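Student: Chains as they are written, first to last, in this note's numbering: chain A, 1 to 304; chain B, 1 to 304; chain C, 1 to 325; chain D, 1 to 325.
Since the hints were derived computationally from the structure, they do not count as laboratory data.
Treat each hint with caution, since some may be false.
[To be verified] Residues on chain A that point at chain C, a partial pick, calculated with CB under 7 Å:
1) A75
2) C79
3) G83
4) T89
5) Y96
6) I101
7) A115
8) A138
9) E141
10) L145
11) G188
12) D301
Note that the structure is predicted; figures quoted are calculated from it, not measured.
Quick reminder that beta carbons are idealized off the backbone N, C-alpha and C, glycines included.
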Amino acid sequence: MIEIRVFEEETQRLFTQNLVRGSTHLCSGQEAVVVGGCSVLRDGDSMLCTYRGHGAVLAMGAPLDRSFGEILGKADGLCGGKGGSMHLTDVSVGAYGSVAIVGAQLPIAVGLGFAARYQGTEDVCLCFFGDGAANIGAFHEALNLASIWKLPVLFVCENNLYGEYTALRFTTPIEKIADRASSYGMPGVEVDGNDVGAVYRTISEAAARARAGEGPTLIEALTYRQKGHSRSDPGKYRPEGELDAWLERDPIGLAEASLREQGVDQDVLDEAHRTAETKVREAVQRARSWDEPELESRFKDVWA
Amino acid sequence: MIEIRVFEEETQRLFTQNLVRGSTHLCSGQEAVVVGGCSVLRDGDSMLCTYRGHGAVLAMGAPLDRSFGEILGKADGLCGGKGGSMHLTDVSVGAYGSVAIVGAQLPIAVGLGFAARYQGTEDVCLCFFGDGAANIGAFHEALNLASIWKLPVLFVCENNLYGEYTALRFTTPIEKIADRASSYGMPGVEVDGNDVGAVYRTISEAAARARAGEGPTLIEALTYRQKGHSRSDPGKYRPEGELDAWLERDPIGLAEASLREQGVDQDVLDEAHRTAETKVREAVQRARSWDEPELESRFKDVWA
Amino acid sequence: MTAVTFREAINRALSDALEEDDRVFLLGEDIAAAGGAFKVTDGLLDQFGDHRVRDTPISEQAIIGTAIGAALKGLRPVAELMFADFTGVCYDQIANQLAKYRYMTGGQVTVPVTIRMANGAGGGFASQHSQTVENWFLNIPGLKIAVPGSPADAYDLMRAAVRDENPVLFFEHKSMMNVKGPLGENREPSPLGRAAIVREGSDVTVVATQLMRVRAEEAAASLAGEGISVELIDPRTLVPLDMETIGSSLDKTGHLLVVQESPFAGSWGSTVLAALALERFEMFDAPPAIVCGDDTPVPYAGSLEDAWLPTAERIVDGVKALVRG
Amino acid sequence: MTAVTFREAINRALSDALEEDDRVFLLGEDIAAAGGAFKVTDGLLDQFGDHRVRDTPISEQAIIGTAIGAALKGLRPVAELMFADFTGVCYDQIANQLAKYRYMTGGQVTVPVTIRMANGAGGGFASQHSQTVENWFLNIPGLKIAVPGSPADAYDLMRAAVRDENPVLFFEHKSMMNVKGPLGENREPSPLGRAAIVREGSDVTVVATQLMRVRAEEAAASLAGEGISVELIDPRTLVPLDMETIGSSLDKTGHLLVVQESPFAGSWGSTVLAALALERFEMFDAPPAIVCGDDTPVPYAGSLEDAWLPTAERIVDGVKALVRG
Ligand SMILES: Cc1ncc(C[n+]2csc(CCOP(=O)(O)OP(=O)(O)O)c2C)c(N)n1
Ligand SMILES: Cc1ncc(C[n+]2csc(CCOP(=O)(O)OP(=O)(O)O)c2C)c(N)n1
Ligand SMILES: [Mg+2]
Ligand SMILES: [Mg+2]
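The shape of chain A in the complex, shown without the other chains (with noise of 0.2 Å):
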């Protein structure tokens, strides 16, 4: 957790340097989720996340530097620089795709659960989304169809309470949507999404139920978004105070406040952060040092 919120200050200031292009989505006040959501996962296991996907793909594994430099549009990112921060891929870790249309990659997670049952192992899919998401009609068909073929998907929902700058309450006639999961016959679960352990076990859970067989599961995480949606955004839609409260409870802060009751030194966190500061530092050092593609590879990875 700590080093993908020292991985997104560090986007957001390469952002502010102009070396970022198009937008990107930082996860900071939201790793909890993707933390324990992808602890969960082991081998063979696939995950699939938004454009706010940094967090997602680095708790799968993937690289720091190579991360960076897909970010930075180098040739040894981890798309070759052709996808950019929205679309950070690693297969080799299982983070099959970062996607940048609202709700698309919930049919996909559909297919990778298929995978699993068609090739008979006990593959699951790890699939996130936002809130916002779950009023798109791919949402609809993707967790009926999971539902009625008992497929092994686990529909995560980062409910962070905004979509870009609307409100939840203006777009979604319900409170909690975990409640849709009635409309497809599955379990719909409800979570703190800054309890890092509240998610793990939850989706461990229903990672064990689709292992089984049992089908899939809405999983609702309740956190919230400390950054703007992209870029610079005034951020003024939010109510006065409810930054700060969420900033009380952020996962990382709650996470450490845990581990110092179970009797872990302050020491021992200030020395995680210290290293995670280092790695991210000297991560974004190398990846900054790294060439541009060369300009014929834009040619390349249209056809197999």
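Chains B, C and D with the ligands: place on chain A using the hints.
Tutor: Just chains B, C and D with the ligands now, kept in the frame of chain A:
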């Protein structure tokens, strides 16, 4: 209802005589839903339906002859022969369209409902769709938006147990489509779709709520498609006895029984049948005698 | 060498593909128990079981997404969309996901998905079920596009599509289902991207696909009777497009007529015309010509649809106008 | 006569349209409170209230469907899709419903819907947010297509689009939002379907839209310094397409270069080339030429995207190759 039934029988006859092109989808057995529903509407209200829409459009008051004319591709058909069986439309009676892409009419219904609110009228939009359509993305988006904006739309699912040749239980992981209403924070009601009175009462209540600004309702009308999905449909997917059981509950039979109970003479009912048959026969004769569209007419109506 | 229908040829290709490779499976609406809306998949459920031949809900986005995801894990899905017009409800999955997945990930994945669909006009299905949908995807790099115009081509292209490592959109013309043609046994796999010279000739090059190829064959036969020799080329795939074969024919005849069912703008026919104007301008002995569908949606009435859809007569007239100046 | 940005011009057009006609309303994601992802609708919520300027859920099918339904009842919806690439998730509503509604009903309805969307590459948004999406709709009769290339055109075309009785797809190039240009007051309504002669010239006709028009203007200026006189035509709308103005220019110059951002196949540029080859073959003094985007998805990295997107230099080179043979 009787007129619609006779109309559909005549359409089938025309079809087997190769006078109807493409596919045609009969609503025989489902008449109570459209008749009960459309009777609720008043001037200014609108109705949208599917490719299985002859009954609904007639129930709104479209003329028999021009409806046949359209199905036969005649110049004086409702749509000048450009739409055909799947696109019967008569805006002058509030039948705003028969849509042949499954589910695509639901978002459009939201717009018809929106216009009423925008213009400050109490009009409602009645929108029919099938059980199979409840699994497509457009359904989800439409119900969500109608609910969050509290629009006067009556979403009526004609659950006839099948989408084409595939039974509901293979495509839909829950028992009652009406239960999906809870995903959108709107009321979901089930009604016996073969009981025209019950349909009328249920949809009247929903319409009253809608007119009062209380938003949309999802209504599931349980009914049965007595004929094939379209054209020559072997129907072998039906469990033995199912059709017979539903024929026992034929909506016209039920309505007549209830009228008899209320003291209406069998003669009166027989007379109604005869009248319907005469009207339909005369209408189809007229329509058959009409001219083909002028070939140049195909260039008209692309642009306003 | 037996004569089979277009429908039977595809059915056999699917059956042989399922037989050959366990990774191949079929999914779509009413394709299993009912054998498909056009009966193309008839019998395959019985032959291969419901593990590999699967009915789905009416959820086209989920169908294509499932195919993509399964392909990412090494399977070879063949998805059916019943009518090609239904790509409208899953266009994003095809154009933004499937077509670009490999590219956006820098080549980390292959996505060997085949999408089968009924294409074209002529059946009285009206505007929403009659379009020549191949044109909707021409400007989307990353999708191969197959448009078979005979039973043998349908068989060969389907086998090639399923074996190809890339996404392939496979269009089956709904007015050709009962067209018959020879189909030999033990066929050589033929690669995607090679045009067929359907008929050799010396006066005019006619380029046509699917139903228009059938009508162009009629037209060519009748023109032969009048002493006009037509070279009929069927590109068979629009991506990759075999401009070499088309261009060589033009070099030989000096006259070009493109025949297509769809309206002109943004179509494969206008693309071929433009490419030849760019690359082989000097080879034209006369300005090129096109016979194409009207610039309107497809009307329902038989009289109107017949007028809308180019006929063999219009092709004959087009060729005559071209060679007689 | 003040200079305004492209963004301001559209904002003003929307404001004036809302002012002029109560039936006009706006809907889309984040267009109201946030003023739009590209800030094009900034301030309109305050000016016109949330009855007429409405934020929606992330539900593009519902957005377009709502616009259609509202238009059927006499309103004049202006829907925003944020990025034009998102037409992928509502393609059916646009291509199968909106475009065909009037036709299928035999002219019973008009559907005056305007759909605004951010188009094109150049911003580092990668493959799923950078396409020139006008090409996806060329083969769908029933949709007008506006592709403004200057602030004044943006204003005029937007006013015309909202007043038009037909559906109009309105593309706003995302790399032009800050381009400035003059915009006088009290403008005459200008009809859709009239090309602009952006610059008169005698040696070569260059046809370009949006960002490529901007780059072609640069190229033309630099070519003028070398004694080559470019006539630059901006069609402004692709449907209707003003072939008369383009053709007349070709008649005069005898040389044609089409410049477009998108790949070649199925594009508006190949359509223009093909149409001229059909209709005005003899007017070419040399084979036509095109400068266009590569046949790949749009890559992310700055170096790659810059190489992908045609530059003023490539246009200069293209013109020189054309006139110097
Ligand atoms: C189909 C589609 N519509 C709109 C967008 C633009 N967009 C990008 S992110 C976003 C908000 C998504 O909100 P949510 O699902 O809650 O995810 P979050 O960004 O909060 O993680 C929107 C509207 C898009 N990328 N795709
Ligand atoms: C998007 C789309 N997918 C598939 C079809 C083909 N199709 C036409 S009717 C139908 C079955 C629809 O079932 P249901 O919604 O239950 O309506 P019913 O026909 O039973 O009235 C299907 C799959 C279509 N027209 N549109
Ligand atoms: Mg969110
Ligand atoms: Mg049904």
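Student: Confirm or reject each hint.
Tutor: To see whether the hints hold, each was checked on the structure:
no. : hint : verdict
1   : A75  : violated (10 Å)
2   : C79  : holds (4 Å)
3   : G83  : holds (5 Å)
4   : T89  : holds (4 Å)
5   : Y96  : holds (6 Å)
6   : I101 : holds (6 Å)
7   : A115 : holds (3 Å)
8   : A138 : holds (5 Å)
9   : E141 : holds (4 Å)
10  : L145 : holds (4 Å)
11  : G188 : violated (19 Å)
12  : D301 : holds (4 Å)
Against the hints set out earlier in the document, violations occur for numbers 1 and 11.
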